[in-house]
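Novice: Note that the sequence shown covers residues 7 to 98 in the working numbering.
It should be emphasised that the hints constitute simulated quantities derived from the structure, not laboratory data. Treat the numbers as computed from the prediction; the structure is a model and nothing was measured. It cannot be assumed that every hint is accurate.
[Claimed, not checked] PhoX-like cross-link-like pairs, simulated, lysine-lysine; straight-line CA separation at most 25 angstroms:
{"hint": "1", "residue 1": "K34", "residue 2": "K68"}
{"hint": "2", "residue 1": "K77", "residue 2": "K95"}
{"hint": "3", "residue 1": "K77", "residue 2": "K34"}
[To be verified] Just the calculated beta-carbon pair ranges, DEER-fashion:
{"hint": "4", "residue 1": "P63", "residue 2": "Q98", "range": "34 to 42 angstroms"}
{"hint": "5", "residue 1": "E42", "residue 2": "Q98", "range": "18 to 26 angstroms"}
{"hint": "6", "residue 1": "L39", "residue 2": "K95", "range": "24 to 32 angstroms"}
{"hint": "7", "residue 1": "M94", "residue 2": "T61", "range": "29 to 37 angstroms"}
{"hint": "8", "residue 1": "F91", "residue 2": "P63", "range": "16 to 24 angstroms"}
{"hint": "9", "residue 1": "T61", "residue 2": "Q98", "range": "17 to 25 angstroms"}
{"hint": "10", "residue 1": "D89", "residue 2": "D51", "range": "23 to 31 angstroms"}
{"hint": "11", "residue 1": "K95", "residue 2": "G45", "range": "13 to 21 angstroms"}
Here a beta-carbon is modelled for each residue, glycine too, at the ideal position from N, C-alpha and C.
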Amino acid sequence: MDGAGFLWYDEEEVQGGLYMSEVILYVKENCGLCEEVKGLLSLFDVAVVLVDIGTDPVLLDKYMLEVPVLKIGEEELDYRNIDYFELMKRLQ
Numbered sequence: 007m008d009g010a011g012f013l014w015y016d017e018e019e020v021q022g023g024l025y026m027s028e029v030i031l032y033v034k035e036n037c038g039l040c041e042e043v044k045g046l047l048s049l050f051d052v053a054v055v056l057v058d059i060g061t062d063p064v065l066l067d068k069y070m071l072e073v074p075v076l077k078i079g080e081e082e083l084d085y086r087n088i089d090y091f092e093l094m095k096r097l098q
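Construct the complete structure from the given sequences, taking the supplied hints into account.
Specialist: Here's what the structure looks like:
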């Protein structure tokens, strides 16, 4: 997936504690909503770990109809609950 214009980090960097704020964004190919959320996240000072659910049958089964799904800490937000104002509350 194309991350041009954004700072994306791999899971080892984030879990190693190199970045203060990190989120996990579950996405799939050809997902317009996923691209919109990536654009929103680029407005915040946060490390984003992209996880393509198409590469894992368990994740595909769990999130197929819900992507994009954003995991902030232990909480997950699906596409119905992700917007600029919600991200402002949670990431600022």
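Novice: Each hint needs a verdict: does it hold in this structure or not?
Specialist: Hint-by-hint comparison with the structure:
For the hint linking K34 to K68, the alpha-carbon distance of about 12 angstroms falls within 25 angstroms, and the restraint holds. Of the pairs offered as hints, the one joining K77 and K95 holds, with about 14 angstroms between alpha carbons and a cut-off of 25 angstroms not exceeded. The hinted pair formed by K77 and K34 meets the criterion: a straight-line CA distance of about 15 angstroms does not exceed 25 angstroms. Between P63 and Q98 the C-beta distance comes to about 36 angstroms, which sits within the given range of 34 to 42 angstroms.
A hinted range of 18 to 26 angstroms holds for the C-beta pair E42 and Q98, which are about 20 angstroms apart. Between L39 and K95 the CB atoms are about 20 angstroms apart, so this pair departs from the stated range of 24 to 32 angstroms. Checking the proposed 29 to 37 angstroms range against M94 and T61 shows it holds: the Cβ atoms sit about 31 angstroms from each other. Between F91 and P63 the CB atoms are about 34 angstroms apart, so this pair departs from the stated range of 16 to 24 angstroms.
Look at T61 against Q98: about 32 angstroms separates their beta carbons, and that is not inside 17 to 25 angstroms. For the pair D89 and D51, the supplied restraint of 23 to 31 angstroms is violated, since their beta-carbon distance comes to about 18 angstroms. Look at K95 against G45: about 18 angstroms separates their beta carbons, and that is inside 13 to 21 angstroms.
Comparing the model with each numbered hint stated earlier shows that hints 6, 8, 9, 10 do not hold.
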